[in-house]
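Colleague: So you can see what is in the structure, the chains are spelled out below.
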Amino acid sequence: MARTVNRISRFNITSLALGLAFLYLPIVILVIYSFNASRLVTVWGGWSLRWYHEFFNDRAMLDAAWMSLRVGAVSATLATLLGTLAAVGLARGERFKGRALFSGMLYSPLVMPEVISGLSLLLLFVALDAERGFWTVTVAHTTLTMCFVTVVVQSRLTSLDRCLEEAAMDLGCDPVRAFLFATLPLIVPAIAAGWMLAFTLSLDDVVIASFTTGPGSATLPIRIYSEVRLGVKPEINAICTMVIALIAVLIVVASFASKLSSARGESAAPL
Amino acid sequence: MAEELAKIETAAESVGPAPSPAAADMPLLRIEEVGKKFGSFRAVDRLSLDIRAGEFFALLGPSGCGKTTLLRMLAGFETPDEGRILLDGKDIAQVLPHERPVNMMFQNYALFPHLPVRDNIAFGLKRAGMARADIATRVAEMVSLVKLDGLEKRKPDQLSGGQKQRVALARSLARRPQVLLLDEPLAALDKKLRESTQAELMDLQRRLGTTFIIVTHDQEEAMTMAGRIGVMDAGRLEQVGPPRELYEAPHSRWVAEFVGDVNLFDGEVSSRDNNRLTIATRDAGTITVAQPRQPVTKTIVSVAIRPEKVKMSRRGPVSDAGTSHAINRLEGVVTEVSYLGGLTTYKVKLESGAVARSSMANTARLDIDAYSAGQRVVAWFTPDDCVVLEQ
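Residue numbers (the numbering used here), protein chains in the order written: chain A, 1 to 271; chain B, 272 to 662.
Excised from the complex, chain A in its bound form:
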């Protein structure tokens, strides 16, 4: 086994290195330059935490970051609630009329170009005369991310044995309690993974946010985008590094959660 690996490893390692470099080199450079002491982005001036310090004194940037975190948390929570309900409806509900249409419409944000989603939401908010700001972005992000939660939770639900809920009912649970006691504990990791996915998506969305936000309530990506148009400040690198760190942590936690979820369900699989 080890010999086989050795024999093919030179080619494999080269291609792996090239692939990873292609994907991650720009990010690595960004992270390194976020610790640059120089004012010029492209000139290395030694190690420093100056730009991190700068960010924490930049009122507008901090507001945008706070806005993004709030939008992310609220929209991810709403999306998780709605998405889980939709997943339960699709995976557990009887074959109701219009089920195919419902599931098609549910998943359409996955393939819909964001510009179109954003524009249509903007038109809606204008027609409703809604004041654009925190809530419009939150609603927009909820509609964007809900389908991702549904995908994650539904795939978990369909892999669960329906007999578990029946067994719970047989042992004295009404249908609601059967769901709470027998199903929910097994899909909690998937729900958590869905929440984190939704939060991450909301955190890095520019297009829909820029359509649906209003004056004075820019999210972090919008803020960064507008700053960059005036020229890249090293401060941006520092912010981006922190966002990358946050997202990396969330993704690792989410993948552990879903792994835990499927490991738990193994014994529930049909024999």
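Think of the hints as simulated: they come from the structure by calculation, not from any bench.
The beta carbon of each residue, even a glycine, is placed where N, CA and C say it ideally should be.
Hints may be right or wrong, so weigh each one.
[Claimed, not checked] Pulled a few chain A residues facing chain B out of the computed Cβ check, cut under 8 Å: (1) D161; (2) E166; (3) A167; (4) M169; (5) C173; (6) A182; (7) P185.
On the provided structure of chain A, position chain B as indicated by the hints.
Modeller: Relative to the frame of chain A, chain B by itself:
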């Protein structure tokens, strides 16, 4: 073990529902004209059945015959389209599963993977609002009843198949249901384990006195365990009776063929006297059979003989003044010999081209009684061993 059981039995008597006065002649469970359709497919077709308290009843049938649907209607997971299901005289057809004094053991056990053995068994007791101390006592009883001592803290995925089966059994018995439904409870176990578990299930049922209804497609399993068997096909009960009756006195061709092996010869009744019928068959000549208790009314009938009742010899049965005139003789050539250890089955090609099957117990270690392919033999059987089937 015995002590525990005694405790459970006395406890069951004290908390169990008192038998109503009418219960003496009323069956515990009465299924009346129950029907269930899925789309245009009739899964259960106006089926009626009575099950007495304390019975071990098996529903036997090929897959898709509706036996599982019937069981699920008893558990409440399916609602009948028509008919009534009376438990202790009360119609429970529309009652939800959690409100029925009936529990089910699932085919794949359906253990809650996130709960340890102890909490799996306690699940139904907690939902019933039992006091914490009582739950602990009951769980301990159940654990020793199904011999799971020491495994209380294990999660289901740390258990073997046989252990999971025991947990499922303990969980479904913990609430002391009036009726326990078992859906193919042994299908996932290997053969040796299945045999010992069959014996344990029977023992348990006898001691607890709970009514067991088991669904199976395995006729040996049904015959070993059940006091009565209902054979189902296409949503209907073909025949209900004790195992021996199903095997020795099937009502129809279908039952005769489904339960065990059988030789069937179609023919026409050519003469009848007091206790003998003569039937002219196309494949096996004239066969004399004993007149069944229910007089045969049709003339086109089938004669069924179980293979082990067909004896073989080189020259036919030894002549015996009293019975020889009535013995049926079929002459032919052995075409196939299958040695199965305890018995050997033979296929004998008759002159008409039809094949008769015979199986003989290998009562001696040396093969003095064996026949080989190509040998001319006489296969013979008595009129009393034949069953006349009108349908």
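Colleague: Look at each hint and say if it fits the structure.
Modeller: Comparing the hints with the structure gives:
no. : hint : verdict
1   : D161 : holds, 6 Å
2   : E166 : holds, 6 Å
3   : A167 : holds, 4 Å
4   : M169 : holds, 4 Å
5   : C173 : holds, 6 Å
6   : A182 : holds, 6 Å
7   : P185 : holds, 5 Å
Checked against the numbered hints listed earlier, the structure breaks none of them; every hint is satisfied.
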